[in-house]
Structure formats: structure tokens, C-alpha cells
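In case you want the letters, here they are:
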Amino acid sequence: MDDLLNEFLTETAESIDEVDVQLVQLEQDPNNKSVLDNIFRLVHTIKGTCGFLGLPRLESVAHAAENVLGQFRDGNIDVTAHSVTIILESLDRIKEILEGLEAMEEEPTGDDSELIAKLDAIILDAESGGSDAAGAVVEVVEEAPAAAAVEQTLERDLRPGEVTLEELEAAFNAAPGPEDADDGADAGLSTSDNRPLFDRMGGDDVASVAAQMAATRLEANSALKSFWAENLKDKLYGLFISVLKEQDDSIEVIAKSLVIKEGFVDANFDQMIEMIGSVFGELVSDGDAVNDVMMSFELCRDVMLETSAGFGAGATSKEVAVAAVGGAPAQKVDNSGGSKATQSIRVNVELLEDLMNMVSELVLTRNQLMQMVRNSGDTEFSVPLQRLSQCTSELQEGIMKTRMQPIGNAWNKLPRIVRDLAVELDKNIDLVMKGAETELDRQVLELIKDPLTHMVRNSADHGIEPPAERLAAGKVEKGTIHLNAYHEGGHIIIEIADDGRGIPVAKLKAKAIEKGLITEAEAEQMSDAQVQRLIFHPGFSTAQKITNVSGRGVGMDVVRSNIEKIGGTIDMTSVEGSGTTMSIKIPLTLAIVSALIVEAHKERFAIPQISVLELVRTSQNSEYQIEHIKSAPVLRLRNRLLPLVYLNEILDFASHEESGKRSREKEEFIVVAQVGTFTFGIVVDAVFDTEEIVVKPVAPILKDLQIYSGNTILGDGSVIMILDPNGIANECHASNDDAEADEAEAQAVAITQDENETMLVFRAGNRNQKAVPLALVSRLEDFDVSKIEEADGKYMIQYRGSLMPLVLVNDNCKLAEEGRQAVLVFADGDRVMGLAVDEILDIVEDKLDVEISSDTVGFIGSAIIEDKATEIIDVAHYLGKAFADRTWSRDQNLIAAPVQGTKILLVDDSSFFRNMLKPLLQAAGYKVTTAVHAQEALQYRDQGMKFDLIISDIEMPGMSGFDFASQVKAGGEWANIPLIALSNRSSDKDLSKGREVGFNDYVAKFDRDALLQSLSQQLRLRGDVA
Amino acid sequence: MSLDNQNLLGFDVTSSGTVEFVTVHLGDQLLGIPVLAVHDVLRSQNITPIPLSQDSIAGVLNLRGKIVTAIDLRKHLGFNERAGDDSYMCVVIEHRNEPYSFLIDKVGEVIAGKASAYDTNPVTMHDRLREVSSGIFRLDGKLLIVLDVEHLLDNQLSSVA
Chain Y
1 MDDLLNEFLT
11 ETAESIDEVD
21 VQLVQLEQDP
31 NNKSVLDNIF
41 RLVHTIKGTC
51 GFLGLPRLES
61 VAHAAENVLG
71 QFRDGNIDVT
81 AHSVTIILES
91 LDRIKEILEG
101 LEAMEEEPTG
111 DDSELIAKLD
121 AIILDAESGG
131 SDAAGAVVEV
141 VEEAPAAAAV
151 EQTLERDLRP
161 GEVTLEELEA
171 AFNAAPGPED
181 ADDGADAGLS
191 TSDNRPLFDR
201 MGGDDVASVA
211 AQMAATRLEA
221 NSALKSFWAE
231 NLKDKLYGLF
241 ISVLKEQDDS
251 IEVIAKSLVI
261 KEGFVDANFD
271 QMIEMIGSVF
281 GELVSDGDAV
291 NDVMMSFELC
301 RDVMLETSAG
311 FGAGATSKEV
321 AVAAVGGAPA
331 QKVDNSGGSK
341 ATQSIRVNVE
351 LLEDLMNMVS
361 ELVLTRNQLM
371 QMVRNSGDTE
381 FSVPLQRLSQ
391 CTSELQEGIM
401 KTRMQPIGNA
411 WNKLPRIVRD
421 LAVELDKNID
431 LVMKGAETEL
441 DRQVLELIKD
451 PLTHMVRNSA
461 DHGIEPPAER
471 LAAGKVEKGT
481 IHLNAYHEGG
491 HIIIEIADDG
501 RGIPVAKLKA
511 KAIEKGLITE
521 AEAEQMSDAQ
531 VQRLIFHPGF
541 STAQKITNVS
551 GRGVGMDVVR
561 SNIEKIGGTI
571 DMTSVEGSGT
581 TMSIKIPLTL
591 AIVSALIVEA
601 HKERFAIPQI
611 SVLELVRTSQ
621 NSEYQIEHIK
631 SAPVLRLRNR
641 LLPLVYLNEI
651 LDFASHEESG
661 KRSREKEEFI
671 VVAQVGTFTF
681 GIVVDAVFDT
691 EEIVVKPVAP
701 ILKDLQIYSG
711 NTILGDGSVI
721 MILDPNGIAN
731 ECHASNDDAE
741 ADEAEAQAVA
751 ITQDENETML
761 VFRAGNRNQK
771 AVPLALVSRL
781 EDFDVSKIEE
791 ADGKYMIQYR
801 GSLMPLVLVN
811 DNCKLAEEGR
821 QAVLVFADGD
831 RVMGLAVDEI
841 LDIVEDKLDV
851 EISSDTVGFI
861 GSAIIEDKAT
871 EIIDVAHYLG
881 KAFADRTWSR
891 DQNLIAAPVQ
901 GTKILLVDDS
911 SFFRNMLKPL
921 LQAAGYKVTT
931 AVHAQEALQY
941 RDQGMKFDLI
951 ISDIEMPGMS
961 GFDFASQVKA
971 GGEWANIPLI
981 ALSNRSSDKD
991 LSKGREVGFN
1001 DYVAKFDRDA
1011 LLQSLSQQLR
1021 LRGDVA
Chain L
1027 MSLDNQNLLG
1037 FDVTSSGTVE
1047 FVTVHLGDQL
1057 LGIPVLAVHD
1067 VLRSQNITPI
1077 PLSQDSIAGV
1087 LNLRGKIVTA
1097 IDLRKHLGFN
1107 ERAGDDSYMC
1117 VVIEHRNEPY
1127 SFLIDKVGEV
1137 IAGKASAYDT
1147 NPVTMHDRLR
1157 EVSSGIFRLD
1167 GKLLIVLDVE
1177 HLLDNQLSSV
1187 A
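Chains as they are written, first to last, in my numbering: chain Y, 1 to 1026; chain L, 1027 to 1187.
Because the hints were derived from the structure by calculation, they are not lab data. Hints may contain errors.
Each pair of labels, with its calculated beta carbon distance range [to be verified]:
(1) Y:Arg-640 to L:Arg-1156: 18 to 26 Å
(2) Y:Asn-375 to L:Arg-1156: 47 to 55 Å
(3) Y:Glu-599 to L:Gly-1091: 51 to 59 Å
(4) Y:Arg-640 to L:Gly-1091: 39 to 47 Å
(5) L:Gly-1091 to Y:Glu-614: 31 to 39 Å
(6) Y:Asn-639 to L:Asp-1112: 49 to 57 Å
(7) Y:Asn-375 to L:Leu-1169: 43 to 51 Å
(8) L:Arg-1122 to Y:Gly-398: 33 to 41 Å
In silico SDA-like cross-links for lysine to any residue, where the CA-CA straight-line distance does not exceed 25 Å [what the hints assert, rightly or not]:
(9) Y:Lys-703 to L:His-1121
(10) L:Lys-1092 to Y:Glu-692
(11) Y:Lys-602 to L:Arg-1069
(12) L:Lys-1092 to Y:Gly-54
All values reported here derive from a predicted model rather than from experimental measurement. Even for Gly, the Cβ is constructed at its ideal location relative to N, Cα and C.
Using the sequences and the accompanying hints, generate a full structural model.
Here's what the structure looks like:
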């Protein structure tokens, strides 16, 4: 029975999956006849098969579902979401029972009556004229509109009005099989005796007795007795039932299991049929019926003869028939055409795995041999080895192919999941799948199935908004989830994109703080992208409430670690309001990977090629050099600064200082690696070639060393460790997240600074290029050096009728000895100062990404402008320097000094302005707290922080300054705090809108004097009020 | 301590009521590993060190296409370190389906230990040794420490975990 059950389980599991997908299709396209027929046929087969296997629970559920499907097919019931849901439910029940069956080899106990009642109710509802009056089914029958009743009667004259379940069952049994479903309906019912064969033959009882008698006689027959399988009686019983019920599929399956030996020929079969015929003849009086039945037995002939012949060919044919239970089987055996030559076979997955392993070993040995022959020059082995090598490669490729499966296999379940979610959450979701035929290794496929499902679920649950919310946001009512898979250079890229609400930054941040994952101070520093990345943190779920669907504690962290486990990477971009895109990059196969062999401290290590972006050689004379920021090594690579780590240092071969010293003296090799979105360089001593390696896991006692992902044996027979770039990234930062955070920060700056900034680029002091926002510079001047005067250790020059102080960028700078001196003039109210520079280089319009902030006085940080690292100077610092002696004493009268410790909150998404204004305000004597967006500021309020004044930017992502102001003024602790708006937008309209929402004043961004004045004015006003 | 012959220390007992050990030398100390636990004995091998691993893990080596993790018993049991040019040998055993190799000074003969010559660990024995010893056999003129391979490797496992 085992084989039979196995096969049944596999086939049913396959069919059920198919039905899942098809039902969802049907729901969307209720009129698609071919889909409906297909579903009906699949369910019918399931039902038929479990009938003879003696699985009453399964049979009854499948039967009830089939009834409903039959009504769909006949057009008596419309396909509705409700009925599809119930049918899906019954499929789930079938799956459940199947699982139990697989585990215990018998049907688990349970009660399906409720489910069956629901299914029957669908039919009853329809019978009662498709009335909407729920709950009043019976009454409605009588009162149903005459027209409808007539219509129904006309359609099915044999079943008027109401039918009981028994009648339905009988009707079903009479119904023809799926093959002749369309044309056989009338024929089946119009024969002279329209009772089904089953009844004419006396039903179950006769079959049972006949089986008993036939078994005894067949086993007693000396010519036949050696052929029979065990439990012949039971098998015959099953066979008889199938024959009587005309279930052709089952007949074949059982017939196969009857004989267990070769040599069963036509004559034997005739003998068998004759004996069975005589048994039926004795039991049943209806001679026509017996003849019909005996005709049906002819179906078994070929099958039994073939099966028997199969034993002659060794046990193989039986093996072949064994399904690959559990794994995804290769291809379906074509059972329908018994005589047709089968084009594909089922192979046990284990066998494939073994083959794969053997081939892997073969490849290794081949590599070893190749190496030996290469070393010994041209020998007689060269040619045969070449052939061996080629065969091995082809064999490897072939074996790999057998393991390849379309990614669509992992996707089958998704339409159903999305559909269920949509119904449950009352959303409108479309799932678009592209590239389902893209193939990848089945092992990888298995491993990404769950993460994929999880992500799609997330998109549907958290991403896509309910229709009302979507409409309100100006989107189409129907949300779309796009799945896209494609090959890209030895990898598979899978994208999951939704057009939902994106990842809410403020909510995430609040939650992260609440969960203690980050501190408030950290949160303040974090950019949006960085915050969104928090979803990869363990124990995070963005759903506000725990739904049935998600929020069970299995989060994106599990997804990420699962993907990283198979050497893949995951990346995410999310724009609040317009959607999230996840992108997964995974290797095609796990067994053999290509790796780069590098050397550190005379030891060789392998780095998987998947994470290697490029190799860079640096030396003192080459274009590329390792530079140092303090002691941290960095590499200028095209448009970015690449953080570097020394492999020697990571592996504890050398100290940081030693490595640093070496890199200044010698040429180095840098392996540019990417982990997630974090790109960094690994400095190694030497780089060898790439090799195909078979990754073997490290021994359990080494499992904790996260910088290794495995080890392998190279062509020369030596063992080498495989480095895990993830682990290295972890090693070199406190944690990987920090590393990603840095990266994300850099990106975030780029995002928030999307508007181009016009910068004046100049040179002063050393070779490094420096820059200042052009908006701060009032004029560029060129003075005759001889006109510059020195007074009290400071340089001065007469300029437009007054003395202007000249400041040098730093102490290393000197004024030009002779000729002319370039000066940047900064005017700040009536204070004018000049900054002496060596040379004005250019004015560029570029995105300003302050990548590294600086501790050096006078500099805000470094950025790349026109492909060169550039220091951004802090103008406020020089202003302070120029007017140190007299600035604020005079200003006190003009602008009014702030009371010591006056606290200001500065809200601006641009780090540039935060950096620019904070020192300015501090210089003016205020205590400044900054917030990167309005949400953060509001959090401060909720935490009970107090300020004397708030300065806020207007254009900010997420919540704008206007919204922020109205929230602040709406009530709470801060309602009375003066608000100053800061913006480039200073049209009258903006001004009035600003006042409307509660801003007390409106200042243009670069007008610092106005800002300071406004500050003191507002504070004074407030003082007066208070 | 009395032992029944059928199951001395849980090791396989020969028909003569003795347990057979492969003896290995660590300096002057004699250690015994149950003979059936030993898969292979190798001369010094090309061992690839594993940076950042525990001190007593010497590295990994290639045994006929299998990767074997090598544990330096001298280091693990707190003996003096072997001088760089001293020869050593490897005893390969299997633990939880994973091959390991003990680096020892040299392998001696196979000795049959009688149940009557068995003693439990003396209390004065060095902690590190006592932890990996499942008892002592009194041999002529020498004492043989029975190495508890399972325990040793589980300890190794737990100490890193």
C-alpha cells in the first residue's frame, strides 16, 4: 500500500497546488471555461483516487467541493469571492488531511461536517433561486420568483426544485468522468437502464464479496498464485470499486500493484479475467452489467503486463515510479496514455543530491590533476586529461541542469496568499509575476521560498493600503505587487515591488526607541533610509497591530539572515507614500561557487566572487592611493570614498599601525566587496586567480567564527578557509548595521540634498580643494598685495571706504608675497570680512554630500565635488574670528543679546544647513538642539523637552514645515513657543500661509542677520508677554 | 571499583575481558584512545591555520578529500608547546559525524587494558587533564590516561559556543 499512498500523496499535492492557482485565476475571470474545466477535473481526480484508497474524510470534503464546482461549470452558480473562499478552505482542509496522512499513514480524525455544510449551502442558495435573503433559505424556495424556478426546471429536468445530498451523490456517481464531461452528460443519463453501473452490480456489498471470492480462487490457482502481491483481497476490492465506478485513473494505479513478478503474459491475464467474470456471474443476475464490467477490466491488461515485464528489467522501473515526495519532483509522469512512451521520469531527489556531490568531488579531483599536469609541463597525460576535464565540465553542467527549476515553482502559492489576504484585509491587490520561467537550483529555490512568501505577505499586509486610503492619497484603488525575476551574471535577481505606502520612518523610529534598539540620540542622527533599514533588525515588525497575517515575531531579520545564509544579498528602497522595492540577489547554485584567492600573511583565503565588485591596486605612484582620515584608511574610488579594512588586521596577523604603515610604503591590493548596500575595500597582500570551489561547511567547533563561511580544498590539495564578507563587515564595525548605517547616512545626505547646491571652489593653504556655498559669498575680489595692511596682528584692507578684516583659512596659509591676492568677501549686515585664498578655482553646481564631518575648526566636513575630495569651510567660524573683539558687544544693542541659556530647536532636513546654522546660533549665544525632521521634533515635545524658540525649515520630506507648525500650535506644551520659518520660498503667498499656520516670522535661508534679528525680536516679544 | 566485563567504561570489550587502546605520547605522558574510535593515524600534515580560532585548534587538513579539523592536544591540555621543528603525528577520530584530528607527539602501540588495572581519576590530577580523562589504567611502570574523546570535543564545542 505504501507505494500507492506515496504516489497518491505526491500527485494530490501537485494537483492541489495547481487548483489553488487556478481558482484564483477563475475568480478573476469567472467565465473562463477551460480554467473551470481544469479545476473540476483536478478535484474530480482527487476525489476519485481517495475513494478507492479508503479515505472517507478526504473523499467527503473533495466530493462536496466538487459538487459546487460542478454547479459552477453548469452555470447554475455564479463564481463569487465567497464561494471561492469556501472552496479554498476545503482545499486547505484536504491539505491538512494529506499532511496527517503523510505523517501517520492514516487519515487524521476530525470533523468536516461544518465545512461540508457550508459547501452544500452554496448549492442550496443557488437552488433557492440565487436569492440574497441569507438565512431564509428554506422559506425562499417556495416563494422563489416563478421565472427563475421555471428556468431551472428547464435546465435540469431530472432534479427539480430541491435536491438532498444523497440525491446529489447519486447524481454525481451517474455523471460521466471528466474526459467526456462535455458531451457525455446526456448520453450517460439516456441509456436504457439509467442506474449507474455501480448500483446495477449490487454496490459495495457485491464488490466486497466478489473480491473475497476472486482472491481465494486466484491465490489457489497453481499457474497464477506466484504473481500476486500481498493483500490481494483488499487490492481486488479497490479494483472492483474503481471499475464499477468507472474511475479509470484508479483502475490503472491499482492494476499496477497487483502483480509483483515478471512473466505475467496475455494468457495469464485471460485466465484471471475468466475467473473474475465467473465470480461476478455467480453474484449478479444482470448479465449486461457483468459484461460491461468485464469490458472495463480490459483496461488493466496493458498495465498489468507492463508492470510484470518491468520486474524483468530489474527493480529499476519500480524505483522510477516512486515519486520524489517532499521535494519538488522533476516532471510529471505521463500516466494518461498508458502505451505512450514516457518522455520523463521521476527521480528521487536524494539520488540527485548524491550525484551532485559526486560530481563536485570529481570536479575537485579534476582540478587537482590539472594542477599537477600544469606543474610538470607537457606530459603524455595532457591530452587525455583535457578530455576528462571537458567531460567533467559537461557532466557538471548536466547535473546542474537536472537540479534547475523555474522560480515559478516557488511562486505558485503566492497568488492564493495574496488573494486570501486581499479578501481578509478588504484590499484590492493585483499580483503581477514576471520571469517565472527563470531557473535556479532547487536547493536555492527551497531556501528562498519562505523569505519570498514572507516578503509578498508583508507587501500585501503592510505595504498596500486599503482602497479608501489609496484613493485619498491619489492612487488607483487597486494596489499592485510586482514580482520580477531575471538572470544577471551568474546570479538571479528577484524584485518584489509594491506601490503601497512605503515604510513609515517616524513610526519605525518611535518603535525602535520604544523597543530599545536605538537611543533617542541615535535616532536623531539617523537618516530615513537608515531608519527604514531597521526593519532588518531582529524583533521588528512594522504592522501597528498584530494581524492574522503578519506580526508574529518573524520579521525581515529572518528573511535577511535566510538570504545571507545562501550567499545572497537583500536590498531595499522605500519611498514613503509611493511604495517599497525589495531586491534579492542570489547565486544560481550553492554547490560550486567561483571564488577569488587572496593572500594575507603568507596564508591563502578565498573570497566568494559574488560579493567582489572589483580589484584595485594602489601604490604611491599610481592613480589610486590609500589615504587616511586620522588613522582610518580610505580609498578614493571614482565618485566616492571607500572605507578600507586590512585583512591582516582583521585576522590578527598585524596591528592597525603596522598595516597602516605598510600601506603607505608598499603597493597594496584592494578587493572591493559589497555586503547589502555597504561597499568597502579589503586590503590584502596579494591576489591570485579565481577558482571554482566546492563550499564545505566548517566543523561545528569553528561555527562561531563568523568571518568564515566555509572551507574548501584547492586544486593543489591544500585546505583553505573561505572568508565571509558579511562577517568581515561585522568585524570591522561594531556591527554590520552600523556599517550599513554609515552607508545609509551617506546616501541619506545625498537624498535630502537632492537640490543642487552652487559651490565656490577654491584652494588655500595646502593642495586640497576647499569650497563654500556661493550663496554665502557676497563678492569675489582681487587686491593688490601692497594695499593689505597689518594692524594688531591682523590683516586689514581698505574696502569701499572702510576697513575690512582679512582672515586666513588657517595658520599654514600665507598671503601672497607680491602681485595680487584673491579674497572672498562675506558680507553679514554691515560687517564685511575677507577670506584670503590662494586661488579661486571654479564655481560648480553639484549635489552636496557632506560625507565625513570634521572636527577641525573652520570646516564643516568633506564632500566630493567634481570628483575630488573637498573640504567645506564653515563661514560662521571665520565671521566669529574676524569680529571676535567687537562683534557681539555692538550687536547687543542692535539685535539684543539672548538671555544666557536660551534654548532653540532647529528643525531642518538638510545636514548642511544644520551644520551651518548651529554654529552660527551657538556663536550668538543660544543653546541649539537639532532635529532632522518634523516628526523627530514632535517626539521631543512628547518627551517633554522645552525650548524658548523653534526655527523650522519649510520644505522637508514627510511632514512639511507648515504641517509641523499647525501641529505645534494645535496644542500641547509647545503651543506658545514662537516659531520662525526658514525657507528659500519667500513669496508673499508663502509668507501669508506661514502666518496662517502659526509661524511668527518668516526668514529666507541665507539671511542670517534677519534670522538673528527675528530671533531676538520674537524672544523679546515673548518676554514682554510673559 | 568493580566493572562488569561486558561494558567497561562503555567501550567495546574484547572476548578476553580487556579494552584495547591506541597509546599516544604527549611528552612523557601516555594517553589512551579506544582503538575503535581511531580512524586514521597520519604523519605530519600540511595544516592550514585558522586565524581567530581558539588557540588549541591547529587548523584544517585534507585527508583524502575530507576536511579534518586539527586540535593540538599539547595546547589543549596545557602541556608545553611543541618546538617548531619537532615532528608530530595526527590521530583522526570522528565525533558527531565530523572528522577531527588530534596532534600528538607520537603514536605508540595498541595496549589491552584489564578491568582489574582500572582506576578512577586521582583527585590530585590536574584539572585540565581530569576533565578529559575517563580513568587511569595502571600499566607496567606507566600510567595510561584514558582520553574521553566525546567529552573533550563537546567541551571544545561548548567553550567556543
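Hint says 33 to 41 Å; check whether the CB-CB distance for L:Arg-1122 and Y:Gly-398 agrees.
Holds, since L:Arg-1122 and Y:Gly-398 (Cβ atoms, about 34 Å apart) stay within the stated range.
Is it true that L:Gly-1091 and Y:Glu-614 lie within 31 to 39 Å of each other by Cβ?
33 Å, holds
Holds or violated: are the alpha carbons of Y:Lys-602 and L:Arg-1069 at most 25 Å from each other?
Given that 25 Å is the threshold and the Cα spacing comes to 23 Å, the pair holds.
Satisfaction of the hinted span 39 to 47 Å by the C-beta atoms belonging to Y:Arg-640 and L:Gly-1091:
For Y:Arg-640 and L:Gly-1091 the Cβ distance comes to about 44 Å; the hint holds.
Y:Arg-640 paired with L:Arg-1156, Cβ distance criterion 18 to 26 Å
The hint (18 to 26 Å, Cβ to Cβ) is violated, given that Y:Arg-640 and L:Arg-1156 are roughly 58 Å apart.
Range hint 49 to 57 Å: satisfied by the CB atoms of Y:Asn-639 and L:Asp-1112?
Given a distance of about 55 Å, which is inside 49 to 57 Å, the answer is holds.
Note whether the CB distance of Y:Asn-375 and L:Arg-1156 lies within 47 to 55 Å or breaks it.
50 Å, holds
Would the pair L:Lys-1092 and Y:Glu-692 pass a check requiring their Cα atoms to be no farther apart than 25 Å?
Since the Cα atoms of L:Lys-1092 and Y:Glu-692 sit roughly 17 Å apart, the hinted pair holds (cutoff 25 Å).
Taking 51 to 59 Å as the hint, is the beta-carbon distance of Y:Glu-599 and L:Gly-1091 inside that range?
Roughly 24 Å apart at Cβ, these two residues miss the hinted range, so it is violated.
Compare the distance between the alpha carbons of Y:Lys-703 and L:His-1121 with 25 Å, and conclude whether the hinted pair is satisfied.
With Cα atoms ~15 Å apart, Y:Lys-703 and L:His-1121 stay inside 25 Å; holds.
Does the Cβ distance between Y:Asn-375 and L:Leu-1169 fall inside 43 to 51 Å?
Given range 43 to 51 Å: holds, Cβ gap about 49 Å.
Quick one, are L:Lys-1092 and Y:Gly-54 close enough, alpha carbons at most 25 Å?
50 Å, violated
Violated hints, in rising order: 1, 3 and 12; the structure is consistent with all others.
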